[in-house]
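In the order they appear, the protein sequences are chains A and B. Our numbering puts the first residue of the first sequence at 1, with every later residue one more than the last. Our numbering puts the first residue of the second sequence at 1, with every later residue one more than the last.
Bear in mind the hints are in silico, worked out from the structure with no lab data behind them. Please read all numbers here as calculations on a predicted model, not as lab measurements. There's no promise every hint is true.
Stated by the list, open to error - As a list, the in silico PhoX-like pairs of lysine-lysine whose alpha-carbon atoms are at most 20 Å apart:
(1) B:Lys234 <-> B:Lys196
(2) B:Lys74 <-> B:Lys147
(3) A:Lys76 <-> B:Lys9
(4) A:Lys76 <-> B:Lys234
(5) A:Lys203 <-> B:Lys236
(6) A:Lys205 <-> B:Lys196
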Amino acid sequence: MAELNVNIGKLALKNPVMTASGTFGYGIEYADFMDISRLGGIFVKGTTIQPREGNAYPRMAETPSGMLNAVGLQNKGAHYFAEHIYPEIKDIDTNMIVNVSGSSIETYVECAEKIAELDQIPAIELNISCPNVKQGGMAFGVTCAGASEVVKAVRKVYPKTMIVKLSPNVTDITEIARAVEAEGADSVSLINTMLGMAVDVEKRKPILSTVTGGLSGPCVKPIAVRMVWQTYKAVKIPIIGLGGIATWKDAMEFILAGATAIQIGTYNFVDPTAGIQVIDGLNEYCDRHGVKSITELIGALHH
Amino acid sequence: MKKYMLDMKVTANCPLHNNYCLLKLTADQTLPEMLPGQFVQVRVDRSPTTFLRRPISINYVDRETNELWLLVQKIGDGTRTMCESRPGDILNLLLPLGNSFTIPADKGQKPLLIGGGVGTAPMLYLGAVLNEAGITPTFLLGARTEKDLLQLEKFEQFGDLFVTTEDGSFGEKGFVTNHSVLQQVAFDQIYTCGPKPMMMAVANYAHQSGTACEVSLENTMACGIGACLCCVEKTKEEHHVCVCTEGPVFNIEKLSWLN
Ligand SMILES: Cc1cc2nc3c(=O)[nH]c(=O)nc-3n(C[C@H](O)[C@H](O)[C@H](O)COP(=O)(O)OP(=O)(O)OC[C@H]3O[C@@H](n4cnc5c(N)ncnc54)[C@H](O)[C@@H]3O)c2cc1C
Ligand SMILES: Cc1cc2nc3c(=O)[nH]c(=O)nc-3n(C[C@H](O)[C@H](O)[C@H](O)COP(=O)(O)O)c2cc1C
Ligand code: FES
């Protein structure tokens with residue numbers, strides 16, 4: 001048994017395998033299929049201060065080795081989360097991390113403040129990269145100035161571990177990563193979905209109600225690995241890698257490229273036990289290669 | 001209800017006409033309880049173009065042989081690949097998913113079960129369960145042509161059967177909402193599954209005639225377990241609810257469908 005535990009800022013993870021926001025509900029949806037407390041962490045659904053109904057149906061289109069989504073941050077709001085969902089999930093024995101979104105600096109700050117009150121939420125993931133909302137979301141994440149401004153404002157009110165989730169829909173992701181590191185982010189997670197589109201040729205109409213949506217799944221993995229590799233060279237804070245991870249091998253690619261931990265997203269829909277398979281696979285890989293602690297492998301490509 | 005991920009073995013694959021197949025699946029363990037209206041998510045491993053699981057209704061559960069039946073229409077690569085399964089093949093399923101049709105407590109009730117196209121699939125199991133509860137259901141099945149009418153003998157085992165085809169090749173010609181049985185019998189409730197325009201017509205007919213009505217929706221899904229929020233339908237109050245967890249069965253009064 002290799003040591004799989006890693007740290008992200010002040011956050012201790014029992015292993016580097018977590019599940020991605022918007023793909024794992026609040027964790028409990030998967031509890032019948034696996035022991036969810038074996039995961040290093042669970043990133044719950046994107047949360048905003050006010051409730052949101054999200055975008056109109058259809059919100060999903062399957063694409064080669066992946067899918068487009070345009071959910072648009074449907075959620076019942078941070079107050080509902082605190083009162084009704086938090087009590088249900090707070091005792092799950094893993095890191096329950098809330099993905100925080102907003103449409104303005106003020107709403108990001110208000111949401112982060114509300115989540116900061118919850119003792120058993122040890123971290124937030126600041127989503128400045130959602131391509132499916134008209135205001136806020138990705139608008140902040142695609143310029144250094146926008147990213148700095150929102151991270152700076154949230155840092156003032158949020159003392160626990162703050163992970164900032166980056167958008168791949170930029171010319172140079174390392175600039176944004178540096179900008180948020182400079183404003184006090186404890187970690188960056190990358191990537192969020194890539195802006196894409198699909199057309200129904202029979203109806204001669206876009207499939208998604210919003211025309212464009214976010215692409216995820218195995219098809220984006222090589223792009224995500226490349227971005228983690230570039231970002232590792234640019235920042236000192238730990239990186240959480242995601243985008244298309246389905247197996248332990250995929251996870252290991254991200255770790256060797258520079259990720260301290262990883263998240264599994266879309267693939268949970270195909271195999272709800274993917275997280276467990278990846279944990280077991282990483283452990284077996286470490287044993288096979290005589291690696292005592294997985295931390296030895298983080299960014300090994302660069303050494 | 002607890003959900004399971006099961007590797008299930010194909011015991012039989014019966015082609016039905018050209019475009020459908022009936023898959024019979026079994027598992028090592030006794031199949032868990034499954035309710036009419038619920039569905040399964042099938043992983044399709046042998047089709048490189050099929051990434052997500054495919055939602056398929058529970059067509060029938062044979063407790064004696066420990067078999068689950070799925071009635072599959074070949075639409076695209078996923079369903080076509082499913083229909084190529086051979087006895088002995090293993091399919092990975094998540095089940096049972098979603099809510100279920102309401103079974104009336106009163107045995108004197110007269111329910112009408114309307115199925116259109118492959119939407120007849122869940123009506124068979126619903127009919128079987130009603131029958132078991134001492135209620136005789138009436139089935140009204142609609143199809144484009146005689147070729148699209150499936151499992152008629154099986155339906156007849158559980159209740160009275162009426163049929164419409166759009167081209168008149170079998171039963172009454174026209175749509176289900178025009179069938180004469182609707183004029184002849186007063187039904188206490190209607191259950192329906194099929195193409196959305198048909199379900200909307202049935203829903204409006206039921207609403208106008210003051211009959212309780214449940215519809216089973218087939219919105220496109222990714223996870224099937226309430227995690228992704230891709231499958232939503234709008235309620236009367238303009239809220240988005242997940243078809244995979246709060247449905248697939250809805251009372252029509254809850255939806256924004258009625259004229
Ligand atoms: C709860 C539920 C129960 C279902 N029960 C059954 C069943 O018992 N038997 C059965 O044969 N099918 C059933 N379906 C439909 C079935 O899931 C789809 O036909 C299947 O996913 C199509 O996959 P494919 O790979 O063959 O086709 P794809 O290549 O995915 O699709 C082919 C074309 O059909 C369209 N399409 C696919 N799925 C849908 C959909 N759900 N609604 C509207 N358009 C769609 C696509 O946009 C595309 O144009 C059910 C669906 C749901 C949600
Ligand atoms: C249906 C769906 C909903 C998502 N919702 C969110 C969200 O609310 N917040 C967020 O930061 N990312 C969201 N994402 C993005 C994922 O967390 C992840 O960044 C992306 O899907 C890439 O990883 P993957 O390829 O492993 O899925 C969503 C993705 C999907 C497919
Ligand atoms: S299909 Fe994912 S929530 Fe319904």
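Structure-based check of each hint:
Pair hint Lys234 (chain B) plus Lys196 (chain B) holds up; C-alpha atoms about 14 Å apart against a cutoff of 20 Å. Proposed proximity of Lys74 (chain B) and Lys147 (chain B) is supported: the alpha carbons are some 14 Å apart, at most 20 Å. Using a Cα cut-off of 20 Å, the hinted pair Lys76 (chain A) and Lys9 (chain B) is violated, with the two alpha carbons roughly 41 Å apart. Of the pairs offered as hints, the one joining Lys76 (chain A) and Lys234 (chain B) holds, with about 15 Å between alpha carbons and a cut-off of 20 Å not exceeded.
With a C-alpha separation of about 27 Å, the suggested pairing of Lys203 (chain A) with Lys236 (chain B) is violated against the 20 Å cut-off. For a cut-off of 20 Å, the pair hint linking Lys205 (chain A) to Lys196 (chain B) stands: about 19 Å separates their Cα positions.
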